[in-house]
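Peer 1: What follows is the residue order along each chain.
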Amino acid sequence: MTNKPVGSVLLAGGGISGIQAALDMADSGYYVYLVEKSSGIGGAMSQLDKTFPTNDCAM
Amino acid sequence: MNIELLTLSEIENVTGEQGNFTVTVKKNPRYVDEDKCIACGLCAEKCPKKVPDEYNEGLNKRKAAYIKYDQTVPLKYAIDPNNCIFINKGKCGVCAKICPTGAINYDMKPELVDINVGAVVLSPGFKPFSPKGIDYYGYDEIPDVITSLEYERYLSASGPTIGHIARPSDGVEPKKIAWIQCVGSRNTNCAKNGYCSSVCCMYAIKQAVMTGSHLSSDDNEQVIFYMDIRSVGKDYERYYESSKEKGVSYVKARPHTLLAGPDGVGVTMTYTSEDGTQTNNAFFDMVVLSIGLEAPSDAMTLADKFGFDLTQYNFAKTDSFAPVSTTRDGVFATGAFHSPKAIPKSVIYASSAAAEVEAVLSASKNTLTQEKVWPEEMDISNAEPKVGVFVCSCGTNIAGVIDVKDVSEYAATLPGVDYVENNLFTCSTDTQDLIADKIREKGLNRVVIAACTPRTHEPLFQETLQGVGLNKYMIEMANIRNQNSWVHPNEPEKATAKAKDQVRMAVAKVTGNYPLDDVEVNVTPRALVVGGGLAGMNAALGLANNGYETVILEKKDSLGGVAVDLYETWKGELVKPGLDAVIQDVENHDLIRTFTNATLTSVTGSVGSFFGEIARGEEVETLEFGACVLATGGHGYTPNEYLYGQDSRVVTAIEFDKLLSRDQAKATAGDSTVFIQCVGSRDDQRPYCSRVCCAGSVVNAVLLKKKNPDMDVYVLNRDIRTYGEREDVFKEARDLGVIFISYTPETKPGVVTDGEDLLVRVHDPISGMFLEIATDRVILATAIVPNDTSSFVDMFKCGVNADGFLSEAHPKLRPVDSTVDGLFLAGLCHYPKPINEAIAQGKAAASRASVVLSKKTMKLDAIKSHVTHTCDGCALCLDVCPYNALTLVEFEDAGKTHKRIKTDKALCKGCGICAATCPKEGIVVDGFTQSQLRAQVDAILERV
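If you read the sequences in order, they're chains A and B. Heads up: the first sequence begins at 2 in my numbering, then just goes up one per residue. Heads up: the second sequence begins at 8 in my numbering, then just goes up one per residue.
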């Protein structure tokens, strides 16, 4: 590659996986565009009550 | 600040290539101005149009003006254009009239924006399988047959029944609930989903366990109907076993006929058990269908737009050695998009994708991001305490129970309080502006937030203080929600009195607060990776590719770890070429140094600045590093059963893999081979599932059948746990004639010799008979045991579980971070896992460690112990400190030698055990001094 890459990344999907990737990259020096289809992030995890195997609250 | 959120948005088009993509994004209108919306909820309250609420799986209604859920980010309402009366018919408009900030705008239009990026990560999630139209489950006809996602909403306190379980047909509390597993998974008839969805066994067990605590009577029953229970994750097997003690029962059967119960209430079910007995019309109050996870509905569109390949099930196609890379350069997939996965794995793969992106973009690191700059801090050392109290209504969460006006009026009467305000949401963006304004305008130098928990919200308020130059430790939170309104919903008067007590205590404490400075350490931008297996090497590559010098310590004389002995992955990729390529990359990387025959013998320091002593034979050298990845690996358990070590025809799975590499003709010869699963796993000594053995044996069984079709191949198992798309290999094995016989701990098989013959005896539950199999080879799928980690536990003070696997900071949300800051985990030292997952975790550890290494300095919380002049060096605190943060030092004063404790602020976590132990306030924790705590206690006792 002759030119320097663009120092930003686009992330499609604001569930737990997208949020974690966004945080890691933003915290490491890369600008993140987080694109989410619905009106808010959180994805399927936000619909869960508790999580196994610790019975922690998903929210 | 460096994340831009584009909600209600979708990808339209993409051009360019890795390093320089232009992605066209369509931003759909929210019809609510995000800058103006204060999330007061009036629009939703007054909106006349009710529609099924997707968040609650349609079990209740929301309005056309809505928020997804109470904690949605961004906390801004939206108008659903498909249902809004004004947008569709030009009438109504009530929300625009009622909105106090004029945020409603029906004229918003979709916008197309071009975004220039160097890489793309796709995490579109999954689509829950719909059981609609499958007649034998009766989901369309029988009201009391529901999906697991619907049941999840019933269990949730924010769900349609506020956490009360009610039989849908008549609203009565159920007694007997059944779960049916594999609905839409492992099914190619009605679902075309041959794969296992990986998560349903565990969520069904969780739901069954949680159900007991939601029902009012102890007279209840939960039954899970399953094919194989696949509790393959860390601590999952214990959870499964403990569920049996909690009364959950398990039936190995696939129910085939479900009918509505008498008068349309409940469900009757007919099923055939493993031994062939049929149970007719068993009655259950409710039946929960454990629905599987499918590829997201836009998988094909995304694959088309970006130009990458999908698997036959429309998941993103990836390679075991590059588990998040799609077939298009610069485009990565994570989450459930490359196979169904639970939360921890989604998080690991997410960090792994971050590492891959960082490797591509590292030349442009920090070119587009900004660092937050705070204004200079004001000097309040001589100022009288002026406290501002902000009482949050939290919508109706607090105000629905507590009289917040009364609490606010009371707060104004407290000593030192200068300003009080009640807010609908104290955490909202506009309230932050208001708090900042009031600090400036009224000269406030202390703030009390009477709202929720500091665990989640204190950092936000601290930032608000910092933003106006007030030291961020001049704040206290009174948790009048979680510790009050939520637990006393039926006693509003007492709750209000308690809220006043809480506020009085917080005011008393904050009055004694004094400015504190965060501890700052310089970060050494170098990483240490302990362990040169696939996980460790990938961690090192991830770090080095992101620009950080990395040192690998390997205790053996060469790189490779356990993978050296493995033959092929479940996807059929040969391990050796993949492994050799990784070793070559490591050896050729300018930023990676590898020390073989090396061990770490001591560690001091903390996150950002560790010092390690490395021993190589007689040589010892000190290495400074900012972060460390432990990838110390594991090994196969050496069995002392099934004639292992006594008869050379009995081998372990790893030994058989080695033979496959060395002499395949010999490995595949013979008339019969028997695999025995769970050798040393899932027993009293190692009550965990080793995760990799089922797929490993099934893959080798298929290979044997393909090379030698006349061979009889048996797999004796307790459950076959070929999770994910590995299930296809299981099916292939059955199609090729591999015979699977299940056993239980009570009916373990026996291996004996009779003259020259090697015999395996096993009870066949289907025929009910004992079989005796004469065989040429027995292959034992032995447990994966972690290598000894005790020295690391000693040196780093990191956590370890009962099985010897190193502990993560949080099993769901921080599965790669260890319990010690700056220390990360990857590979078999964390839990048994196959190659692709070990590599993903290695890369994930690199990403997590990069977050530390990317900082020049590291700020650590200022809540630390400090030693006062009353310390006489009695050293009582020394033994109780769990973090080795205290040392006893000697100093000279007036010709005399004294002893005194010294705190290493970088190691101290502010737990306060030292302060509680000290008889003379010789050591105190800033922010929690005796006088501050005493003030709180005095305040609470005031009313008594």
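These are calculated hints, taken from the structure and not from any lab test. Hints are supplied without guarantee of correctness; some may be wrong.
Label-pair ranges, simulated between beta-carbon atoms [claimed, not checked]:
#1 A:N4 - B:K673: 52 to 62 Å
#2 A:N4 - B:K33: 20 to 30 Å
#3 B:K909 - A:N4: 22 to 32 Å
#4 A:N4 - B:P382: 36 to 46 Å
#5 B:K738 - A:N4: 46 to 56 Å
#6 B:E662 - A:N4: 46 to 56 Å
Calculated lysine-lysine pairs in the DSS-like style (CA-CA distance at most 25 Å, straight line) [unchecked claim]:
#7 B:K393 - B:K324
#8 B:K909 - B:K804
#9 A:K38 - B:K56
#10 B:K43 - A:K38
#11 A:K51 - B:K251
#12 A:K51 - B:K68
#13 B:K33 - B:K312
#14 B:K56 - A:K51
#15 A:K51 - B:K253
#16 B:K578 - B:K563
#17 A:K38 - B:K909
#18 B:K68 - A:K38
#19 B:K96 - B:K68
#20 B:K819 - A:K51
#21 A:K5 - B:K804
#22 B:K199 - B:K134
#23 B:K199 - B:K251
Beta carbons: idealized from backbone N, C-alpha and C, even for Gly.
Peer 1: Taking the hints in turn, state whether each one holds.
Peer 2: Against the structure, the hints come out as follows:
{"no.": "1", "hint": "A:N4 - B:K673: 52 to 62 Å", "verdict": "holds, 55 Å"}
{"no.": "2", "hint": "A:N4 - B:K33: 20 to 30 Å", "verdict": "holds, 28 Å"}
{"no.": "3", "hint": "B:K909 - A:N4: 22 to 32 Å", "verdict": "violated, 53 Å"}
{"no.": "4", "hint": "A:N4 - B:P382: 36 to 46 Å", "verdict": "holds, 38 Å"}
{"no.": "5", "hint": "B:K738 - A:N4: 46 to 56 Å", "verdict": "holds, 48 Å"}
{"no.": "6", "hint": "B:E662 - A:N4: 46 to 56 Å", "verdict": "holds, 52 Å"}
{"no.": "7", "hint": "B:K393 - B:K324", "verdict": "violated, 61 Å"}
{"no.": "8", "hint": "B:K909 - B:K804", "verdict": "holds, 19 Å"}
{"no.": "9", "hint": "A:K38 - B:K56", "verdict": "holds, 22 Å"}
{"no.": "10", "hint": "B:K43 - A:K38", "verdict": "holds, 22 Å"}
{"no.": "11", "hint": "A:K51 - B:K251", "verdict": "holds, 19 Å"}
{"no.": "12", "hint": "A:K51 - B:K68", "verdict": "holds, 23 Å"}
{"no.": "13", "hint": "B:K33 - B:K312", "verdict": "holds, 14 Å"}
{"no.": "14", "hint": "B:K56 - A:K51", "verdict": "violated, 31 Å"}
{"no.": "15", "hint": "A:K51 - B:K253", "verdict": "holds, 17 Å"}
{"no.": "16", "hint": "B:K578 - B:K563", "verdict": "violated, 29 Å"}
{"no.": "17", "hint": "A:K38 - B:K909", "verdict": "violated, 53 Å"}
{"no.": "18", "hint": "B:K68 - A:K38", "verdict": "holds, 21 Å"}
{"no.": "19", "hint": "B:K96 - B:K68", "verdict": "holds, 21 Å"}
{"no.": "20", "hint": "B:K819 - A:K51", "verdict": "holds, 11 Å"}
{"no.": "21", "hint": "A:K5 - B:K804", "verdict": "violated, 42 Å"}
{"no.": "22", "hint": "B:K199 - B:K134", "verdict": "holds, 14 Å"}
{"no.": "23", "hint": "B:K199 - B:K251", "verdict": "violated, 32 Å"}
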